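Generate the whole structure from the sequences, applying the supplied hints.
Sequential numbering from 1 applies to the sequence shown in my numbering.
Hint data in this document are derived by calculation from the structure and do not stem from the laboratory. Note that the structure is predicted; figures quoted are calculated from it, not measured. Treat the hints with care, since some could be wrong.
[Said to hold, decoys possible] List of simulated lysine-lysine pairs, DSS-like, C-alpha gap at most 27 Å:
| no. | residue 1 | residue 2 |
| --- | --- | --- |
| 1 | K128 | K186 |
| 2 | K128 | K153 |
| 3 | K153 | K30 |
| 4 | K30 | K128 |
| 5 | K153 | K186 |
| 6 | K164 | K153 |
| 7 | K186 | K35 |
| 8 | K153 | K35 |
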Amino acid sequence: MAVKEKALNTLSLAAERAAELLEVSESAVKRLSQKLGEPDWLLAQRLEAFGRFQTLPAPSPETDEDWRRTKAFDAGFFSQPIPISELVEVRRAEALHPELLASELSDGGASGLLLEQHLVGTHRFLTKELERSGVILTDISTAAREYPQLVRKYVAPTASDDSKFEALCRALFTSGVFIYVPAGVKVSLPIWMGLYADADGSLVLPRSIVVAEPGSEVTVFEEHLSPNGVGATAASALHEVFVGEDARVTVVSLRYW
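So this is what it looks like as structure tokens:
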């Protein structure tokens, strides 16, 4: 059987196990954090961000310059369900959707991969050389458990200039990546993060954190994909990049919703 057929069979089986859908609420924040096995301090940060989300106004084309050329904002954006996938480790990338594997970066052109698909799981790869150098590539929930002192320095609950969208993402992010490059480490090939959002008619909230210590170098490609579904899928992504002295970071973000 061809690899593509295997992948599609895996998808059909996964679709039978409908992902848990959460509403936008404080209780949903607590259930999400518990389901992802996060430490108490990260839950506290999520709850703080949710409180900020509740007080911030929704954007308006009439009053906000950044939204002046946007049609009237649909407040229903904040009421769409949020799919939660188990953090299942997928050993073989071929078990994920073929579109996640279409990039040249997924075929020997990357130093590391973090591929995630709702309803199926996550596949992670990092070269042994980079692992020995102290580079970290994982999702934020796992990083918070395994490297708490490091992650707490960079995972902030709020920022003074957060919009309502950004506060919501800090509170209820369900996917994304944490990348850490130690001082002086130069990552020659890009690190690629791919997200396939196949929960139709839902709200997708990816959050990415890239940390480059002084004198380090890294290039990160992020690609977000979704199928042509019946319902509208809404997305709000949050990217945070911390660059040390004399470090060089390139981030490329692609969207194929």
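Here is how each hint holds up against the structure:
| no. | hint | in the structure |
| --- | --- | --- |
| 1 | K128 <-> K186 | holds, 14 Å |
| 2 | K128 <-> K153 | holds, 26 Å |
| 3 | K153 <-> K30 | holds, 22 Å |
| 4 | K30 <-> K128 | violated, 36 Å |
| 5 | K153 <-> K186 | holds, 22 Å |
| 6 | K164 <-> K153 | holds, 23 Å |
| 7 | K186 <-> K35 | violated, 35 Å |
| 8 | K153 <-> K35 | holds, 23 Å |
Hint check: violations occur at hints 4, 7; the rest are consistent with the structure.
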